[in-house]
Each structure stands twice: as C-alpha cells, then as structure tokens.
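S.K.: Place chain B on chain A using the hints.
As given, the protein sequences belong to chains A and B, one line each in that order. The first sequence maps to residues 1 to 345 in full-length UniProt numbering. The second sequence maps to residues 1 to 345 in full-length UniProt numbering.
Incorrect hints may appear among the rest.
Which chain B residues face chain A? A few, computed with CB under 8 Å, are given here [claimed, not checked]:
(1) N81
(2) E84
(3) I96
(4) S283
(5) L287
(6) N289
No lab work stands behind these hints: they were computed from the structure. C-beta atoms are modelled at their ideal positions from N, C-alpha and C, and glycine is treated no differently.
2 protein chains.
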Amino acid sequence: METITIKDIAKALGLSTSTVSRALRNSYEINPETKKLVMEYAERMNYRPNPIALSLRDSKSKSIGVIIPEIANHFFSQLINGIESIAYNLGYHVVIFQSHESYEREVANTNYLVSRKVDGLLISLSSLTTNLFHFQDLMERGLPIVFLDRVPNAIETHKVVVDNFAGSYEATEHLIKTGRKRIAHLTSPIYLSITTERLAGYKQALEDYGLPFDESYVKYCYHGGKVAEENEAAVQEMLEMPEPPDAIFTASDRLTTGCMSVFQKHNIKVPEQIAIVGFTNISVAELLNPPLTAVVQPAMEMGQQAVELLIRLIEHPQKTDVFETRSLKTSLIIRESTAGKSAIQ
Amino acid sequence: METITIKDIAKALGLSTSTVSRALRNSYEINPETKKLVMEYAERMNYRPNPIALSLRDSKSKSIGVIIPEIANHFFSQLINGIESIAYNLGYHVVIFQSHESYEREVANTNYLVSRKVDGLLISLSSLTTNLFHFQDLMERGLPIVFLDRVPNAIETHKVVVDNFAGSYEATEHLIKTGRKRIAHLTSPIYLSITTERLAGYKQALEDYGLPFDESYVKYCYHGGKVAEENEAAVQEMLEMPEPPDAIFTASDRLTTGCMSVFQKHNIKVPEQIAIVGFTNISVAELLNPPLTAVVQPAMEMGQQAVELLIRLIEHPQKTDVFETRSLKTSLIIRESTAGKSAIQ
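So that you can see chain A by itself, here it is in the shape it has in the complex (with noise of 0.2 Å):
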C-alpha cells in the first residue's frame, strides 16, 4: 500500500496542505467540522505521519506533567502512583509539580511545563485559581488537556471526577441514621466544583430527611485546608456556637485531621459528643483514635482513567469526537467516628 502524504488529504478535500496541516495538528485555527473532515479520511486513508518529523517529535516528548496543588495529601499522592503505574508502562515519563494551592505557581508550573516540551498535562486546579486563560491558551494551541478532580466546568475536555453528590449524599445520611440532628459541614472553598457538588449532596440528605439546612453550621477554608489556623478557627467558631453541631462532615484530607487535632486539644470525645466523617484517602484511617469513618475515593482508579484518556489525545487526536467526564463511585467506610448515639435504621 503506498503512503498517503498531507498533500493528498488536502488534494482530495480540496483544502490547502496547511489546512490539512493545523487540522491534524487539531489546531483551534481550524473550525471543528473541517478538523472532523480531515481527521476521518486521515485515519480512513491509514495516513501515517512523516516518519522523520515524528522521530523528531518523539525526541522531545514522551513526558506527561502532572500539577496537583499538594503531594503530602494521600489522595493525591495516590492519584500520582495511579498515574505513573500507567504511564511508566507505556513509556512516559511523569513530571511532578505541586501548585501549592496557588494560582501564581500553578501558572509559572504550566510555562514550564510547556517550555519542556511535554506531550500532555493532568491538572487538578489549585483552590485559588479563578483565571483558567493559561490552560485555554494551550489547549487552542493544540496541547492535550484532561483534568481530574478538581475540574473546571468553563473547559471542554476529558475529566475524571468522584461522585462527590452521591459521596456527599451517603456520609450525610449516615450520620442523620446514627441520631444526628445538627450535622456542620467543613469545607473548602465555594468556588471549586468539588465543594459545591459536596455541599449540594449534603443538602439534599438533609433535605430528604427532614432536617433544616442551617448555613451558618457550613464553614469554608478558603486555603483548602492547607493552613492550620484556619481549619482551627472554623472548628472553634462552630464549637462556640448557641447549639453547636453533634456531627462534623469534612471534605478534605487535612480539614479532617486538622478537625481532629482540635477535638483532641479540648478533650472533646468523638463520638460520644462529636461525630466526624471524613472525605479522606488518608491510610491510618483506622489507626487513629478513634478510627475515622471516611468516605474513601478511588484515587488510584482516577489517575489511572486520567492518564488513558490523556494518552490517547496524544497518540489519536483524531479519534476524539466528543469528550467524556467519568464519574467514579466513592465507597463509605464505616468505623468507630460515628459510632451511633441512637440507631433510627
């Protein structure tokens, strides 16, 4: 079978070869049909790249980078082995950044990134990033995109998320089970897709149960949890007000350790005056005194799906008609934190 070239797609099509061109390169110059177009006949036609121009290509590739906003959080951590044990099978290399929750780094991290010539990025947002004009711009460069976990709802790509509703939903209607009636939410900021998804599926427990949504039991750490001070100042608010909770539902990591550290300071016992549920990947959860109900996330499953998808916009632009969000399931493991006052089940 003899090669097909770039400039018997455009011959064919009646486009100019640099339409063909940019269209392969799934460039945003050229509108979606005629990439549609020339993308099907290219991989109807079996149309190989030039080989040189893709060794070329290949010398400076063949490297993903990964921006997190923290590695010493477990479900990120997990996210990455998830990531590389993918990858590393497939000969990628995996480059680490954390954003450390800050839109400057997160910023400075992707131009780097992109100054090393990697092939694809996985970006779960820092909790301060608004702006999201550094990922656009690359991606209508070309450069392929999948988020996961904290996704960006104004950005058409592939995501991979958790059902935090459903997550949300269950941990909350445990504790209403276990005879709970002024359940507080500690949370991170309102503006990440993962903490109005979380607070809407507590609400809606609440809801189907009968009980009120107070908002002043919701508190937000505007730093995701990351500085002490905070996570400690919202627990004490809650702690000192007329009725304080007798449930703490935590959506991160370090707000539920840093809820613990506060119970534990005050001697204030868990579960006998304070349930805690956690969403946390955290692995001496039930080392802890006591050990944690926690509604757990597939966070190795997530890095994984996120990696395939990423690779195969970098290997087969091509194939990509629509993009996909995949939603995996939480599961609620169910320990001695919320050990019941009075079953209602």
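M.R.: For chain B alone, kept in the frame of chain A given last:
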C-alpha cells in the same frame, strides 16, 4: 574594566584554552590541582562567561531534578517542600520524580532529567540501588548532584543527612529507661546508609545499658516498608518468637504504621504489651491510637540545606574546594506509645 576571556586565562596560566574551558566546567578530564588553579584565577580576575553562551544555557535551565523513593511519605513530602521553598524564591523550577524504590526507575528518571537539561540533581537513593554508575558518570561529566537522607559512601559530593546514630541511640535509650528489656528493631535493607547508622545507634545503646544484642530481634524489610505483606510477616515472626519483644523500634514511616496495623489486627495492646517508637514524620502521629512516640527528622530543613548546596554548586562551581556532609539533629517526641512500665529515670 575590560572583560577577561578564556583565552586570557589560558595565556596567563600557560594552559590550552580547551583545558581552561573544561576546568571551568568542572570536567573530570582535568586534574583537581589544575581546576583549582584555573577557578581561583578566574574568580580573582572576575571572569564572566560569554553572555550569549550564558543566555543560551539559561534558556535550557533554571530547573532542578529531584528523585526520591516515594512521595506518599511525610518525610519525603516535607523534604520536597523544603526544597521548593528555597528553589522557587531563587527562580528555579523543581521537577519531582519517584523511583518507587526501584533501581531501574531511578536510572530511567535520571536519564530523562538529564535529557531535559536540568541544572542539577537532588537524590535520595532507592532502597534497591547498589550500582551508582548512573550518578558517577554524570558527575564526571560535570553535572552537580547533592544527595540527601539516603546517601552513597562511594560518591564524593555534598550530602545532607540526619544524625541517624544519635536519633536511634536516643530512641533505644528511651525504651530502656521506660523498663523495656527485649527491644526489637524493624528496619530497611542493610545496604542503605540510614539502615547501618540506625542499627549502630541501637546496638550502642543496648551495649551502654548492659543489654545483650540479639540478631534475631532485628528484621530487615527489603522493600523499605513499601510492601505491606513483607512488613506484616516480619512483625508476625517477632511476635511468634519464644521470647517476643516488649518494645519495637521502627526505622521508617511505612514500617511504623505497618507495625501498628499488625498490633491492631491482633489486638495487641500498646504500650501495655509492647511499646513502639518510630523513626517517622507522619503528621498525624499524635492522633494515632495510642499517640506515637517518634524520632522526627528535620525534613523541611534538610531539603532547604540540600537545595542551597546544590544551587551554590550550579552557580559558583569554582567556589567549591571541599564537599560537605551536613548532619542535622533529630528530635525524640515522647507520647503514649512508650508510656513507662517501670521508670528507671
């Protein structure tokens, strides 16, 4: 003032320009005396490399590669945060890789980082690394490398470690002073620097207090704590000895929590049946059941000092006459897991 060139230096010292050039790049082909001569002269005459060459070089760099065994480990994640806190302010990007305690991945990571033209490397050896050629080769070619925590004896460069002997001695002494007689030691592979140093501190404390050293109370985990089954088997073996230990001193994060899991599983009471002290930086040590006595390493500070030494090597190679090994002090934080049987103190 006129600028001085490599040619001027060569003429002044009676050397070839190629020798001077290689000496300034700290090449292994030039003998140390000549290098010293050239570098001192260059420094004295305020030699500055050609600005165009410099800017070309700059366009490739301002990044530091870090290879550590794993990030899901508080000691290493704190180490990285120390590295980043300094590097970021000095304008360096920090590129993080995990060796996953695999020699092959350490080599692959190293090669990748070098191909991406990092300015220098910070390395903590994988527990399976016995061959050091991949680092020796690069150092001979002039790449600055600083080792930290798990350092090789056979390579001469800056190293940042903790005083493992003293930390281990203090932990063992504490167990002896709280009345323990049969103190076991659960540790990493024997060929790691940290293992032999910690073992030596443990032995010395036993000897100083007149307790016999019994090799059967020391268990080595080949995977450094990474494989739960291996940790579990080692602990299990100890518990089944005719005279099981009344205390255990564990040498890493994973070994410590692995050990506590086995105790919990078998319902072994800590500290009543067995005391435990870990060489560990886990952030939730005080939230564990019981709160854990720990030898804590100044991980953040180790990272900061190592990156400072590395950046000095990168920016002022001519200023390095002798390599330093900095040894930082650990601290013993006493909590309930070693509460006294009978205090000798």
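S.K.: Confirm or reject each hint.
M.R.: Here is what the structure says about each hint:
1. N81: 7 Å, holds
2. E84: 7 Å, holds
3. I96: 4 Å, holds
4. S283: This interface hint holds because 7 Å falls under the 8 Å limit.
5. L287: Holds - the Cβ of L287 (chain B) comes within 8 Å of chain A, reaching about 5 Å at its closest.
6. N289: 4 Å, holds
In summary, this structure violates none of the numbered hints.
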